[in-house]
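Peer 1: Sequence:
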Amino acid sequence: MIEKEMYAICSQALANTPLEADCKEIAKAVQYGDYNAVAKILKITIATSVTVCIQAALENQNKK
60 MIEKEMYAIC SQALANTPLE ADCKEIAKAV QYGDYNAVAK ILKITIATSV TVCIQAALEN
120 QNKK
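Numbered according to our numbering, the sequence shown spans residues 60 to 123.
What the hints contain is simulated information worked out from the structure, not anything from laboratory work.
Honestly, I wouldn't trust all of these hints.
As the list claims (entries may be wrong) - The calculated lysine to aspartate or glutamate pairs, modelled on EDC-like cross-linking and capped at a C-alpha distance of 16 Å, are:
id, residue 1, residue 2
1, 99, 118
2, 99, 81
3, 123, 64
4, 83, 64
5, 122, 81
6, 102, 118
7, 102, 81
Use the sequences and the hints to build the structure in full.
Peer 2: Below, the structure written as structure tokens:
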């Protein structure tokens, strides 16, 4: 799988996730100086994003 294909798969898969809400929560936490909350949100967001991308890539590969 080439980089462009992987990017397209990940972009499509992540389009259905609540990333906007995560960004708002991060902004609020930064405003209040709660960097532990920022780290927690980022860990969850990154883990979820990676999982969604891998799952979408595997599903796409299985279709071929």
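Peer 1: None of the hints should be skipped; say for each whether it holds.
Peer 2: For each hint, the structure was consulted:
{"no.": "1", "hint": "99 to 118", "in the structure": "29 Å, violated"}
{"no.": "2", "hint": "99 to 81", "in the structure": "11 Å, holds"}
{"no.": "3", "hint": "123 to 64", "in the structure": "13 Å, holds"}
{"no.": "4", "hint": "83 to 64", "in the structure": "29 Å, violated"}
{"no.": "5", "hint": "122 to 81", "in the structure": "31 Å, violated"}
{"no.": "6", "hint": "102 to 118", "in the structure": "24 Å, violated"}
{"no.": "7", "hint": "102 to 81", "in the structure": "11 Å, holds"}
Checked against the numbered hints above, the structure violates hints 1, 4, 5, 6; every other hint is satisfied.
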